[in-house]
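J.: Reading the sequence shown from the start, the letters are residues 92 to 487 in my numbering.
I should point out that these hints are in silico values taken from the structure, not numbers from a laboratory.
Some clues are possibly wrong.
[What the hints assert, rightly or not] BS3-like mimics (lysine-lysine), calculated; alpha carbons at most 27 Å apart, straight line: (1) K327 - K297; (2) K291 - K484; (3) K327 - K415; (4) K416 - K242; (5) K176 - K132; (6) K293 - K353; (7) K327 - K399; (8) K232 - K109; (9) K483 - K352; (10) K231 - K132; (11) K353 - K291; (12) K232 - K484; (13) K483 - K353.
[Unchecked claim] Between beta-carbon pairs, the in silico distance windows are: (14) R115 - H301: 50 to 58 Å; (15) K297 - R177: 48 to 56 Å; (16) H301 - E256: 28 to 36 Å.
Quick reminder that beta carbons are idealized off the backbone N, C-alpha and C, glycines included.
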Amino acid sequence: MRLGLRTRPLLASSKAEKLSVEVRRYIAGIQHQGLHPRTVKVAERDFRLLRLACQDDLPVDQIKAEHIHRFFEIMDIWPRSANRKRFVGMTDEQILAVGRTLPRPRRADTTINLAHARLSTFFGLLEDSADMRSPMRSVKKRKVKILSNKKRRPFRPEELATLFEPARFAEWARERPDRWWGTLIGLFTGARVSEVGQLKVKDVRKVAGHWCISIRMTTDDEWVLGEPDESYQSLKGEPRDVLIPKGLIDAGFLEFVQDMKKFGHPRLFPHLSRGKKRGTNELNGSGYGAKLSHDFGVYLRKHITLPKGFGFHLFRHGIATSLKKMKVPVETRALITGHKELYGARMLREVYEEQTEEEKVLLQAEMFVDFVPEVSIPRYRSGQFDRALRTKKLYR
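Generate the whole structure from the sequences, applying the supplied hints.
T.: This is the structure:
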């Protein structure tokens, strides 16, 4: 879906049209699918560079493998900041000329291969509709190199001790409940930063007598039938109720939830924005967790030296590793992390073996309730964030 795999009806044509015509049809197709605006924007950039590689608006059946190879050369040269003010008013050729003068770190292999997949889909659809041979047939993907020292892994105990040294952590998080509790939720549950950032107060609830965090899609209480957006939430993994470990409760999490209920805001972390383009109401794709992810990354790099790409997601690696060491069965680990189980096991459980929300939570309670990371956590004081909630900008 991300690559426009269902756009065939919009590309149907009796002859080879020019590249600009077919690109418009393709973009219209992926917009019709409802793909994320950021995905559409990246696709538009790729086709813009393809047009530059062709040096003209060629009919699609005249685009050859050499044009595709030049496209990938341009991708490595093209400035990553091409949308900034310094390039306003410049032609693509002028922007490319500037790119040639800049340091040229190679584009990530995965970025190149996503562009390869997108062009393969585009020309593959045209093979049927325009009676042509795709130039991508003779262009191979870039071999992805994974360096073992850059493979993400859990935080080491000494790294967690540094990050959660009580005075240091309290100073960094004292004005922002998302920094304080969002980070601790990640540490204790392994939830994705996007899932943490979009939590609502009503997502903290009791299930089968146990306090849980419900990670799910919910409607906004103020939403009116007929308006375009029912919810700005997204859900990458499986919806689930995650048992709140005793250590998180002992740190005062439920007291914070009560404070937020008294304050009256529907979201647990109202200082986080869902991300909109400046001057418009159009979502930019960053989501509620982007600010928390960025802030934690800055805090992390200030105190610990880790490879690029290491950040909030390492909490997820940590909880998965800890649960495995605790000999928690893979099915129960999946209930906590939201990972999808193997297709056959999920089909068996969901279709043939009924399992209620209560049973899932009780299964976690048997094995997960006493999970406590080996860190010192400052205790929350009721009303601690009252000033920040009154004086700082809040978001719906």
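J.: Is K327 close enough to K399, meaning Cα to Cα at most 27 Å?
T.: holds, 23 Å
J.: K232 and K484 were given as a pair; does the straight-line alpha-carbon distance stay at or below 27 Å?
T.: Since the Cα atoms of K232 and K484 sit roughly 46 Å apart, the hinted pair is violated (cutoff 27 Å).
J.: Sort out whether K109 lies within 27 Å of K232, counting only the CA atoms.
T.: Cα-Cα ~25 Å, so holds.
J.: Assuming the hint says 48 to 56 Å, is it satisfied by the Cβ distance from K297 to R177 or not?
T.: Given a distance of about 54 Å, which is inside 48 to 56 Å, the answer is holds.
J.: K353 and K291: Cα distance at most 27 Å?
T.: Answer holds: K353 to K291 is near 14 Å, not above 27 Å.
J.: Taking only the CA atoms, is the gap from K327 to K297 under or equal to 27 Å?
T.: It holds: about 23 Å lies between the C-alpha atoms, which stays within 27 Å.
J.: Do the alpha carbons of K483 and K352 lie within 27 Å of each other, as the hint requires?
T.: OK: K483 and K352 at ~18 Å, within 27 Å.
J.: Quick one, are K327 and K415 close enough, alpha carbons at most 27 Å?
T.: Between K327 and K415 the Cα gap is close to 22 Å, so the pair holds against 27 Å.
J.: Within 28 to 36 Å or not, the Cβ separation of H301 and E256?
T.: Between H301 and E256, where Cβ atoms are some 31 Å apart, the hint holds.
J.: For the pair we were handed, K176 and K132, check the Cα-Cα distance against 27 Å.
T.: holds, 18 Å
J.: Is the Cα-Cα distance between K416 and K242 27 Å or less?
T.: Holds, at roughly 20 Å.
J.: Mind checking the alpha carbons of K291 and K484 for me, to see if they're no more than 27 Å apart?
T.: Given pair K291, K484 holds - Cα atoms ~17 Å apart, limit 27 Å.
The structure does not agree with numbered hint 12 stated previously, though it agrees with all others.
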